[in-house]
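Count the sequence shown with the working numbering and you get residues 393 to 881, in order.
Hints are computed from structural coordinates only; laboratory data are not their basis. One or more of the hints may lead you astray.
Unchecked claim - When the alpha-carbon atoms are kept at most 35 Å apart in a straight line, the in silico DSBU-like pairs for lysine-lysine are as follows:
hint : residue 1 : residue 2
1    : Lys-444   : Lys-582
2    : Lys-512   : Lys-603
3    : Lys-689   : Lys-770
4    : Lys-828   : Lys-809
5    : Lys-689   : Lys-728
6    : Lys-603   : Lys-689
7    : Lys-603   : Lys-706
8    : Lys-770   : Lys-822
9    : Lys-847   : Lys-822
10   : Lys-847   : Lys-828
11   : Lys-706   : Lys-809
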Amino acid sequence: MEFPTIIDNNTEVTQLVTVLNRFLFPYSERISVAVGYFYYSGFDLIAPGLLKNDRFQDLDSLPTDMIRIIMSPRTDRETSLLLKAGMEIESQIQTVIRKLESDIAGRDLTHIVFFLELLKRKILHVRLYTEDFFHAKAYLTEVSLPNGTHFHSIVGSSNFSESGFTDNRELNLTNSDNLHYDHLMDWFQKLWNSSTVELNDSLIEIADAEKNSRSKGFPTSIGLSPFELYLFLIRHYLGELTKERLESTDLLAEFQQVGAENVLGKLEILGGAIVSDSVGLGKTFTAAEVIRRFREKGERVLIVAPPTLIPQWKETLETFFNIPESDFVQFLSQGKLSQESQDHIQVLKNGKEFSLIVVDEAHRARNRETLLYQNLRKLQPQDVSQHSSILLLTATPFNNSIRDLQNLVGLCTTDAKLYAAGFSPNAFDKFHEKIKSLKSKKNVSSLNSDVEFQKSIQEIRNLLNGIMLLRMRSSIKKIIKILPLRVKH
Numbered sequence: 393m394e395f396p397t398i399i400d401n402n403t404e405v406t407q408l409v410t411v412l413n414r415f416l417f418p419y420s421e422r423i424s425v426a427v428g429y430f431y432y433s434g435f436d437l438i439a440p441g442l443l444k445n446d447r448f449q450d451l452d453s454l455p456t457d458m459i460r461i462i463m464s465p466r467t468d469r470e471t472s473l474l475l476k477a478g479m480e481i482e483s484q485i486q487t488v489i490r491k492l493e494s495d496i497a498g499r500d501l502t503h504i505v506f507f508l509e510l511l512k513r514k515i516l517h518v519r520l521y522t523e524d525f526f527h528a529k530a531y532l533t534e535v536s537l538p539n540g541t542h543f544h545s546i547v548g549s550s551n552f553s554e555s556g557f558t559d560n561r562e563l564n565l566t567n568s569d570n571l572h573y574d575h576l577m578d579w580f581q582k583l584w585n586s587s588t589v590e591l592n593d594s595l596i597e598i599a600d601a602e603k604n605s606r607s608k609g610f611p612t613s614i615g616l617s618p619f620e621l622y623l624f625l626i627r628h629y630l631g632e633l634t635k636e637r638l639e640s641t642d643l644l645a646e647f648q649q650v651g652a653e654n655v656l657g658k659l660e661i662l663g664g665a666i667v668s669d670s671v672g673l674g675k676t677f678t679a680a681e682v683i684r685r686f687r688e689k690g691e692r693v694l695i696v697a698p699p700t701l702i703p704q705w706k707e708t709l710e711t712f713f714n715i716p717e718s719d720f721v722q723f724l725s726q727g728k729l730s731q732e733s734q735d736h737i738q739v740l741k742n743g744k745e746f747s748l749i750v751v752d753e754a755h756r757a758r759n760r761e762t763l764l765y766q767n768l769r770k771l772q773p774q775d776v777s778q779h780s781s782i783l784l785l786t787a788t789p790f791n792n793s794i795r796d797l798q799n800l801v802g803l804c805t806t807d808a809k810l811y812a813a814g815f816s817p818n819a820f821d822k823f824h825e826k827i828k829s830l831k832s833k834k835n836v837s838s839l840n841s842d843v844e845f846q847k848s849i850q851e852i853r854n855l856l857n858g859i860m861l862l863r864m865r866s867s868i869k870k871i872i873k874i875l876p877l878r879v880k881h
């Protein structure tokens, strides 16, 4: 097999992962990567190539920064302007970390430990580019072979991800010219030395959490903590928390109890909520507690989920919450809902409206042009006063554009309820109009000083804080350290 000139993922031979793992990484002395999107799934695929490299048999002998990666927050150009103009760098980091937390879950444990060791020893160094919208993809390697040192560059369209390495139809060109490599290394070095922030510590925390979660069981609660007493007193005087319900919350972690109370408050005020806790924080259990509250009032609940998750939902509700499938709790796959006509949707409701509709993996409905989005809207009664409460669950509420968030907000509440709660639902439109206006005038640099634009950013923040529950494992870990001891392993 010869080193290809074009890498397009069209065949196994021309897959980027094949080229990296067969020709480059087993012999590399230095690796420099600059990409728009970095996913752990990409590292999971190239780890075998690195492990074939004799140099990695003794990690203590390897130099720091042997592998350098520059990445960008996954945003479109408009959202990058929002980040740059109004959001702190920490917010960009948190966005990236949440995606990586989701991507690393369930991956090969050996590779996760390897990834962790490379980060801790600073053999692998990852930085986040924060200056502007970053769309470049370049893989630069210095390869040592018996016949000498060779310099290879791959520039094209593939991001550092499973799909970019294997599935997507890409176009990447290879080059082995030393002068060409030198020019690209100069370009890379300038990026590395400016407008980048460290990510290693955050990545170590993610990898550590995933590794530890494989070896420890889920903690179970015992007794009554001060925190539970606090919840009891609040709900007791509000007349909603019974002794039986308090006992039944023993299976929930404290942050899940807080999450359920938070969501119930949002549903009461806005008629909708978005739970975007990162992977591993038990969005299903938080939502299940909300479902239980609705069922205790005799109200109907519909759960819309990918077909592969429905058995897990049924088991969780019946085993831990004593809620079996019935006429009051129904399940519907997202694929089936996408294919349903208006008549079939009416048959599903059977003349009765659902008080609560829970949508798992709700990011699949963030495009309002899809049938899934449109049919979810059709599940709502025509009488706005009788609208169902909508609970959306997703660890990735937006993908490329801030419009993803706008669409999800529009799916679970109404402008009238947002206005009544003191929020500005037109903040998204004002943001987009201002971006469009300034781009047409080629005056984007004025965003920082544009009062209306900055106001729309703050209004979007306030609205999202009001409707979203968004917590990270790293944050919960810090909180748990200061909560009263109430768990055992």
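Each hint tested on the structure:
1. Lys-444 to Lys-582: Answer holds: Lys-444 to Lys-582 is near 31 Å, not above 35 Å.
2. Lys-512 to Lys-603: 14 Å, holds
3. Lys-689 to Lys-770: 24 Å, holds
4. Lys-828 to Lys-809: This hinted pair holds, its Cα atoms lying about 28 Å apart.
5. Lys-689 to Lys-728: Between Lys-689 and Lys-728 the Cα gap is close to 28 Å, so the pair holds against 35 Å.
6. Lys-603 to Lys-689: 41 Å, violated
7. Lys-603 to Lys-706: 28 Å, holds
8. Lys-770 to Lys-822: 27 Å, holds
9. Lys-847 to Lys-822: Distance ~9 Å between Lys-847 and Lys-822 Cα, so the pair holds.
10. Lys-847 to Lys-828: 16 Å, holds
11. Lys-706 to Lys-809: Holds, at about 32 Å.
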